[in-house]
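S.K.: Residue numbers (our numbering), protein chains in the order written: chain H, 1 to 110; chain E, 1001 to 1113.
Calculated from the structure, these hints are not laboratory results. Each residue gets a CB set at the ideal place from its N, CA and C atoms; glycine is no exception. There's no promise every hint is true.
What the hints assert, rightly or not - Label pairs and their in silico Cβ distance ranges: (1) E:L1084 - H:L74: 39 to 45 angstroms; (2) E:T1111 - H:Q19: 34 to 40 angstroms; (3) H:G58 - E:D1100: 33 to 39 angstroms.
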Amino acid sequence: GQNIDQPTEMTATEGAIVQINCTYQTSGFNGLFWYQQHAGEAPTFLSYNVLDGLEEKGRFSSFLSRSKGYSYLLLKELQMKDSASYLCAVRRLGDYKLSFGAGTTVTVRA
Amino acid sequence: EPEVTQTPSHQVTQMGQEVILRCVPISNHLYFYWYRQILGQKVEFLVSFYNNEISEKSEIFDDQFSVERPDGSNFTLKIRSTKLEDSAMYFCASSEQLSDTQYFGPGTRLTVL
């Protein structure tokens, strides 16, 4: 099996930065995905890391360290619409499936 | 931008009844998936489908579940005899290649009474 851990909840102020950490334990690591999920809606793809380092996409960046089994998603210039659950998901070599963490609920306050 | 679509958006059924959930994956995608999410819990993998056969399934996907690609565009999940614990949001997803990003449909909320 795989252990994927994320904080349950985080709160931040509009315009600020929030960093959501994800740690995982898996054999045959083959990629880590971040998805955003608004309540009652589908997960929507944010970013993908398979090599170590930082991937930047507008206000969102994601970092991966394979040796530490660690990733983070950085959300900059927070907006109210960023209030959502952020899901970390890991894929193993040879697997078709994604294994999801429980998600981190981010609340953005004015 | 192409999207995965799912119907119905909400299905209410009685325990023991059969339900079929429908999905239309993105048209050039070759890999199809079903996941479910019980309210307040994490997204869980059910099954993946490639080249007209199941390529991987979880322990949740028992004999009560089946998948089918009845034509060139639809991908269905059938639950033969629904149980109360099958109540969940069911998401279909697709990807172009195995290593590519999986894109999720809007989901079908299944309520079993």
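S.K.: Indicate, hint by hint, whether the structure satisfies it.
M.R.: Each hint, compared with the structure:
Distance hint check for L1084 of chain E and L74 of chain H: the Cβ-Cβ separation is about 41 angstroms, which falls inside the suggested range of 39 to 45 angstroms. About 37 angstroms separates the C-beta atoms of T1111 of chain E and Q19 of chain H, a value consistent with the hinted range of 34 to 40 angstroms. Between G58 of chain H and D1100 of chain E the CB atoms are about 21 angstroms apart, so this pair departs from the stated range of 33 to 39 angstroms.
When each numbered hint is compared with the structure, a violation occurs for hint 3 only.
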